[in-house]
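K.L.:
Listed below are the residues making up each chain.
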Amino acid sequence: AQSVTQPDIHITVSEGASLELRCNYSYGATPYLFWYVQSPGQGLQLLLKYFSGDTLVQGIKGFEAEFKRSQSSFNLRKPSVHWSDAAEYFCAVGFTGGGNKLTFGTGTQLKVEL
Amino acid sequence: SQTIHQWPATLVQPVGSPLSLECTVEGTSNPNLYWYRQAAGRGLQLLFYSVGIGQISSEVPQNLSASRPQDRQFILSSKKLLLSDSGFYLCAWSVRRGIQETQYFGPGTRLLVL
Chain A
298 AQSVTQPDIH
308 ITVSEGASLE
318 LRCNYSYGAT
328 PYLFWYVQSP
338 GQGLQLLLKY
348 FSGDTLVQGI
358 KGFEAEFKRS
368 QSSFNLRKPS
378 VHWSDAAEYF
388 CAVGFTGGGN
398 KLTFGTGTQL
408 KVEL
Chain B
3 SQTIHQWPAT
13 LVQPVGSPLS
23 LECTVEGTSN
33 PNLYWYRQAA
43 GRGLQLLFYS
53 VGIGQISSEV
63 PQNLSASRPQ
73 DRQFILSSKK
83 LLLSDSGFYL
93 CAWSVRRGIQ
103 ETQYFGPGTR
113 LLVL
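Sequence order for the protein chains is A and B.
Throughout the first sequence, residue numbering follows this note's numbering, covering 298 to 411 in sequence.
Throughout the second sequence, residue numbering follows this note's numbering, covering 3 to 116 in sequence.
It should be emphasised that the hints constitute simulated quantities derived from the structure, not laboratory data.
Where is the CB? At the ideal position from N, CA and C, for every residue including glycine.
A portion of the hints provided could be inaccurate.
Stated by the list, open to error - The calculated label-pair distances, taken between Cβ atoms and stated as ranges, are: (1) Ala314/A x Asn32/B: 25 to 31 Å; (2) Glu363/A x Ala11/B: 15 to 21 Å; (3) Ser367/A x Leu114/B: 43 to 49 Å; (4) Gly338/A x Glu28/B: 19 to 25 Å; (5) Ser22/B x Gln299/A: 28 to 34 Å; (6) Gln299/A x Pro63/B: 18 to 24 Å; (7) Ser22/B x Gln355/A: 37 to 43 Å; (8) Arg99/B x Glu363/A: 22 to 28 Å.
To be verified - Listed next, the in silico DMTMM-like pairs over lysine to aspartate or glutamate satisfying Cα-Cα at most 20 Å (straight line): (9) Lys358/A x Glu410/A; (10) Lys346/A x Glu61/B; (11) Lys398/A x Glu61/B; (12) Lys81/B x Glu24/B; (13) Lys346/A x Glu312/A; (14) Lys398/A x Glu361/A; (15) Lys408/A x Glu61/B; (16) Lys81/B x Glu103/B.
Claimed, not checked - Residues on chain A that point at chain B, a partial pick, calculated with CB under 7 Å: (17) Tyr324; (18) Gly340; (19) Gly404.
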């Protein structure tokens, strides 16, 4: 069965520092990948997505992610974190033939120190 | 542009009482619709999805049911709530393309069963 792993439950970074959130997946087919962000008590907002093509994708709020097929990873990055980026981040994976169902990771809680 | 609404935003219900959560989408036609539950410290679990009026697929056996009486309306129900039904319920929609669909989430309903 497919699975998505976000190995870091909590991450704390200083404002202005760079950020990388990890996401690994286990799939037998070609995946398509998403990162969502959730502020406390809110729904999920789409940050970026990868379907095909260029493996480095740009998203909103200055985020980017790189798909590495050889490592089964889709890590999220931001060069300079802002205090407003504090939230929970979810990686999600689907695959063609999977009936448009997504499998979500358990999330990474980001704390930003001023 | 498309918007998705969920209500109520928060609900406190006694064990054994019925439940009805509503989700509506505006600005699109024939969407795929999804109900997820998010338990504390866990990722999102897909409960139901629908590809059309009256077409509901259940992902996990549970105390809940879903209905889609209109194209852009999705309802989550229970006849008798259990303590374990507490959680954050998220509705999502996607444009029906058949493959590689992007899901967009509503603001969520927080349910506390006492």
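K.L.:
All the hints need checking, so say for each whether the structure fits it.
P.N.:
Hints, one by one, checked against the model:
{"no.": "1", "hint": "Ala314/A x Asn32/B: 25 to 31 Å", "verdict": "violated (45 Å)"}
{"no.": "2", "hint": "Glu363/A x Ala11/B: 15 to 21 Å", "verdict": "violated (36 Å)"}
{"no.": "3", "hint": "Ser367/A x Leu114/B: 43 to 49 Å", "verdict": "holds (45 Å)"}
{"no.": "4", "hint": "Gly338/A x Glu28/B: 19 to 25 Å", "verdict": "holds (22 Å)"}
{"no.": "5", "hint": "Ser22/B x Gln299/A: 28 to 34 Å", "verdict": "holds (32 Å)"}
{"no.": "6", "hint": "Gln299/A x Pro63/B: 18 to 24 Å", "verdict": "holds (20 Å)"}
{"no.": "7", "hint": "Ser22/B x Gln355/A: 37 to 43 Å", "verdict": "holds (41 Å)"}
{"no.": "8", "hint": "Arg99/B x Glu363/A: 22 to 28 Å", "verdict": "holds (25 Å)"}
{"no.": "9", "hint": "Lys358/A x Glu410/A", "verdict": "holds (18 Å)"}
{"no.": "10", "hint": "Lys346/A x Glu61/B", "verdict": "violated (24 Å)"}
{"no.": "11", "hint": "Lys398/A x Glu61/B", "verdict": "holds (10 Å)"}
{"no.": "12", "hint": "Lys81/B x Glu24/B", "verdict": "holds (15 Å)"}
{"no.": "13", "hint": "Lys346/A x Glu312/A", "verdict": "violated (25 Å)"}
{"no.": "14", "hint": "Lys398/A x Glu361/A", "verdict": "violated (23 Å)"}
{"no.": "15", "hint": "Lys408/A x Glu61/B", "verdict": "violated (33 Å)"}
{"no.": "16", "hint": "Lys81/B x Glu103/B", "verdict": "violated (32 Å)"}
{"no.": "17", "hint": "Tyr324", "verdict": "violated (14 Å)"}
{"no.": "18", "hint": "Gly340", "verdict": "holds (4 Å)"}
{"no.": "19", "hint": "Gly404", "verdict": "holds (6 Å)"}
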